[in-house]
Every structure is written in structure tokens, then in C-alpha cells.
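One line per chain: the protein sequences are X and D, in this order.
In terms of my numbering, the first sequence opens at residue 390 and continues consecutively.
In terms of my numbering, the second sequence opens at residue 25 and continues consecutively.
In case anyone wonders, no lab produced these hints; they're calculated from the structure.
Just to be clear, a hint being listed does not mean it is correct.
Stated by the list, open to error - Per the computed footprint, the stretches of chain D lying under chain X, defined by three or more beta-carbons under 8 angstroms from a beta-carbon of chain X, are:
1. 79-87
2. 114-126
Claimed, not checked - Far from chain D, some chain X residues (derived; all Cβ distances over 10 angstroms):
3. Asp402
4. Asp500
5. Val671
6. Glu720
As the list claims (entries may be wrong) - Label-pair ranges, simulated between beta-carbon atoms:
7. Asp34(D) - Pro620(X): 45 to 51 angstroms
8. Glu635(X) - Gln31(D): 36 to 42 angstroms
9. Asp34(D) - Asp524(X): 55 to 61 angstroms
10. Val537(X) - Ile51(D): 23 to 29 angstroms
11. Glu26(D) - Asp524(X): 25 to 31 angstroms
12. Pro743(X) - Ala61(D): 48 to 54 angstroms
13. Ala61(D) - Leu528(X): 29 to 35 angstroms
14. Ala61(D) - His438(X): 55 to 61 angstroms
15. Ala95(D) - Thr653(X): 48 to 54 angstroms
16. Ala61(D) - Asn488(X): 28 to 34 angstroms
17. Asp34(D) - Asp751(X): 50 to 56 angstroms
18. Lys105(D) - Asp739(X): 33 to 39 angstroms
The C-beta atom is built at its ideal place from N, Cα and C for all residues, glycine as well.
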Amino acid sequence: MPTQILVVDDEPDLQLMISQKFRKQVREQVLHFEYAISGVEALQKLQSHGEVDVVLTDINMPEMDGLTLLAKINEQYPLVKSVIVSAYGDMSNIRTALNRGAYDFVTKPIDFDNLEITLNKTMQAALTHRQAVRDHDQLLALQQELEVARKIQQSIVPRKFPPFPERREFEIHAEMIPARDVGGDFYDFFLIDDNRLGFVIGDVSGKGVPAALFMAVSKTLLKATALKGLPPEECLQQVNRILHLESVAAMFVTIFYGILNTRTGEVEYANGGHNPPYLLRVGGHIEALAGTGGLVLGAMRNTTYQAKKITLQAGDGIFLYTDGVTEAVDEQNEQFTETRLEESLQRSADAFLPHVVRNTIDAVQKFSNGAPQADDITLLALKYLG
Amino acid sequence: MEITQTQHDDLLVVHLNGRLDAHTAKIFEDRLLLLIAQGRQKILVDFSKLDYISSAGLRVLLLAARKLSEAGGKIALCCLKPMIKTVFDIAGFSAIFPIFSTFEEGQAVFGVVTAPHTHN
Chain X
390 MPTQILVVDD
400 EPDLQLMISQ
410 KFRKQVREQV
420 LHFEYAISGV
430 EALQKLQSHG
440 EVDVVLTDIN
450 MPEMDGLTLL
460 AKINEQYPLV
470 KSVIVSAYGD
480 MSNIRTALNR
490 GAYDFVTKPI
500 DFDNLEITLN
510 KTMQAALTHR
520 QAVRDHDQLL
530 ALQQELEVAR
540 KIQQSIVPRK
550 FPPFPERREF
560 EIHAEMIPAR
570 DVGGDFYDFF
580 LIDDNRLGFV
590 IGDVSGKGVP
600 AALFMAVSKT
610 LLKATALKGL
620 PPEECLQQVN
630 RILHLESVAA
640 MFVTIFYGIL
650 NTRTGEVEYA
660 NGGHNPPYLL
670 RVGGHIEALA
680 GTGGLVLGAM
690 RNTTYQAKKI
700 TLQAGDGIFL
710 YTDGVTEAVD
720 EQNEQFTETR
730 LEESLQRSAD
740 AFLPHVVRNT
750 IDAVQKFSNG
760 APQADDITLL
770 ALKYLG
Chain D
25 MEITQTQHDD
35 LLVVHLNGRL
45 DAHTAKIFED
55 RLLLLIAQGR
65 QKILVDFSKL
75 DYISSAGLRV
85 LLLAARKLSE
95 AGGKIALCCL
105 KPMIKTVFDI
115 AGFSAIFPIF
125 STFEEGQAVF
135 GVVTAPHTHN
């Protein structure tokens, strides 16, 4: 598309000279000129020709002079660059014009080589400015997209604590701190019936809106399947088959799913590729929960899962986390690691459950010491009270 | 992250150097998908100089394995550092990818038995 220049002058000679001087560029459709004979007509043309890049205007004109026109352009069409034509030595008008946002000026009698240089420079500035605005808009759109991802993630996990204040046999607490780019972490918990509490933690591969959407699908599917009362390994098997169909570009999700029997303290669990949770024994002993060796969900259609059982004594707890915790880095790119996580858990093992979660986050953030958080940090802690 | 390639008969070896995270995974994905689109059927990924892999990196490997299997090809991995092997073990990927501890074993599975390899 040719660069559009609007020439505003009440005398016809400028129009005549321009159409001669630039006839080659007009023929080759590099430039397109529009003409107006007053400020009023210029504003009409600006409105009807949306794509004007540069305005070349005289100062002295009937109806509306060039300086008034400049002020209006500056206000209404901030992307349009203006060049004014003034009498030689008329410094006061030139100064006023520049103050009102004119990009440059030429003086009468017009030297056409000089005019060409000035117009080229001004067009370049106009195009650069437009490009900058486009880039800025794209950046804003990207940020809004990340905001959408964050909202999906934040709105889908339960955030009311304690979630079951009437239940005396267990406590549960969770916290999630999304990364700037939003990973696909989630957690969930729900009562399957009076005596069974389901609890879940998961992490989707990748980041941004695709990860957030896959996370939302995974979490909803898992809960819907779990509420049928299926044992954990069958639940993961069913969810995997459906997720495999939904998995665009080989997206997958790690999911740990456990069921606590609130009468007996027995926990049945299956693990689809997630970091093994910790068992927090009453008295402060910490151990990793025995693995079940399952594949992440969504990767292969016919994946089977194994379940394991463990019995919690009154005061025992289970601590689940995502790799955003252990892979959090400090300024030297050193990772937080399981070792530091275990040390932190050891220090707060007997604390009030929300404090166990909070203390761990504090330990990670203290370790990171301001280094950017690359991945979501998600923690879920559960305690059996008997 | 740095990605280089070497050729051993019809086997293409992709050498990874650095960190394969959410940002660098895209470069790795574009490279692998291009190679597969060009008709490469045998790809060995050399992990000997890779220090970190995130789930985004695992996803790219899974995607490449799917595409290759559709095209009748095969991907294998070799020389994983212990920390990276742990990531594969936890995710269950050790069970679905052919993983070899040495480069020579990795080559052998594609029927390439040759003298020591050279990096470019």
C-alpha cells in the first residue's frame, strides 16, 4: 500500500508542483497524495481516509489555519506526522507549530529536494511509530492471554480453607503460586462419600493458555471420574484414555491421586508420573511415599496404573508438591532440590498444617532470593487426625 | 541450549548441550519436526551434555516419537545424566523410550556399528 500524504494549502501552486515532482512515485504507487484547501477540509479528509501517514500543511489559510489544524491532528490522530510550510524566518510560528506536535517544517520558497528529504524522513518516522504501536498492542494481547491463563488456573482450584470445617478426622490445606508464564499446575480434593476423601495434585507440560486449558480439562475429568468411587488406578486409566484423545501436540499431565479412608486412616493411591509425595510421620520422621511407577497421563492410549496402600496413624500426614518447588532456582541457577525440601519439612513437621505449607513456600522464596520464578509452585498437605 | 547434528550412515544423531526448558523446547521441537518432515527415520538423541530437562522437553520427545512411529521410524536416547534419568523415571518415560547408557549401544540399536563418533 502506498504511503498516504495529505497536502493542505489554499493556493493551487503547491499541489501542482508536488504532482510534478513526485509523479514517478505516484505512478509506481509508492506515494499517494490527497489535497485539501483548508484546515476544515483537511480534517474531513483525515476522517474519510483513515490511513493518512503524513500531513503537509501551510500555516496561513482561511476557515481554519495550519496551527489550529496541527493542534487538532495531534489530539485526534496521534499517529499522523505533520510537516508545516512557513514563511522564511517566521520563527515564532515555527516554534508554535513544533510545540503543537509538528514533526518538521520547510520554508517558502520551497526547495523541492529539501521537501523530498523532509517528507521521506517524516514518512519513516510515521511508519516506525505505527509499527511500535502494533508491537505494543501485540504485547498487550499476549499479556492479556497470560492473564486469561492465570484466571483459568486460579478460578478452578478450591481456595476456601478449611474446606470441611465440620470434619474432625482430617485437615487439608493447599497453596499455589503461579509463575509469570503460568505453568499448568493444579490441585483438588473432594468427599467421594462420608468416609472417603479424594485428593489430587497435577502438573501439565508446557505453559500459557494451552497448558491452562489442558489443566482445566484434566482436573474436571479426574474429579468427575473419581466421584464415581473408582479405585485410584482405574480412575487414572479412564482419565488417561480420554486425555490421550484430547492431547494436541503430545501434551500430557502428571497426576497423583489418593483416597483417604477417614475412618481407618488407610490411603490408597496411584501415581501417573508425578513427583512422589512425602509421608510426614507423627514425631517428625519424613519419608518418600513408595512409588507406583506409572506413566504421565495423555501420553499413550493404553496405559495401566498400579495402586499402593498405606495406613496413616493419628497425626501422620501426606505432603504433595509439584516440581516448581524442587526445581526453583537461586541467582546462580542452583536448584532447591528434594534435600532442601526435606530439611524444610523436617523443621516444620509438627506445625499447624497451613504453617507447614507456608513455611515451605517461605523456604523456597528465601532460597530463590528474588531470582525469577520459572514454574508454578503448588503444595498440598493432608493430616489424618484419627 | 545448543543443538548440533552428526550423521552416521542413515542414523541422525542430535546432540543437546545445556538446558531443555519451556523456552528452549520450542527450538528443539522445530528442529526435530523439520528432520522428521525431511524423511529422517532413525534419530538418536545424545543427552551427554544436557544438564536439565523440564516437562516441556519431555513433551517434545513424546511428540517426535509419535510422529516417527506414524512414519515407520524410531527414536532412541543415550547418555542421560543421573538427574535427568530420575526425571524420566518419575514421569514413566523410561518405560516408553529406548534409553542407552552409552553412545555405542544407542547406535547399535539402529544397526550402526562404527568407529568412535565425532562431534561437529
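Right, here's what the structure says about each hint:
| no. | hint | result |
| --- | --- | --- |
| 1 | 79-87 | holds (count 7) |
| 2 | 114-126 | holds (count 6) |
| 3 | Asp402 | holds, 58 angstroms |
| 4 | Asp500 | holds, 52 angstroms |
| 5 | Val671 | holds, 27 angstroms |
| 6 | Glu720 | holds, 16 angstroms |
| 7 | Asp34(D) - Pro620(X): 45 to 51 angstroms | holds, 47 angstroms |
| 8 | Glu635(X) - Gln31(D): 36 to 42 angstroms | holds, 37 angstroms |
| 9 | Asp34(D) - Asp524(X): 55 to 61 angstroms | violated, 44 angstroms |
| 10 | Val537(X) - Ile51(D): 23 to 29 angstroms | holds, 26 angstroms |
| 11 | Glu26(D) - Asp524(X): 25 to 31 angstroms | holds, 29 angstroms |
| 12 | Pro743(X) - Ala61(D): 48 to 54 angstroms | holds, 51 angstroms |
| 13 | Ala61(D) - Leu528(X): 29 to 35 angstroms | holds, 31 angstroms |
| 14 | Ala61(D) - His438(X): 55 to 61 angstroms | violated, 45 angstroms |
| 15 | Ala95(D) - Thr653(X): 48 to 54 angstroms | holds, 52 angstroms |
| 16 | Ala61(D) - Asn488(X): 28 to 34 angstroms | violated, 58 angstroms |
| 17 | Asp34(D) - Asp751(X): 50 to 56 angstroms | holds, 55 angstroms |
| 18 | Lys105(D) - Asp739(X): 33 to 39 angstroms | holds, 37 angstroms |
Violated hints for the displayed structure, listed by number in ascending order: 9, 14, 16.
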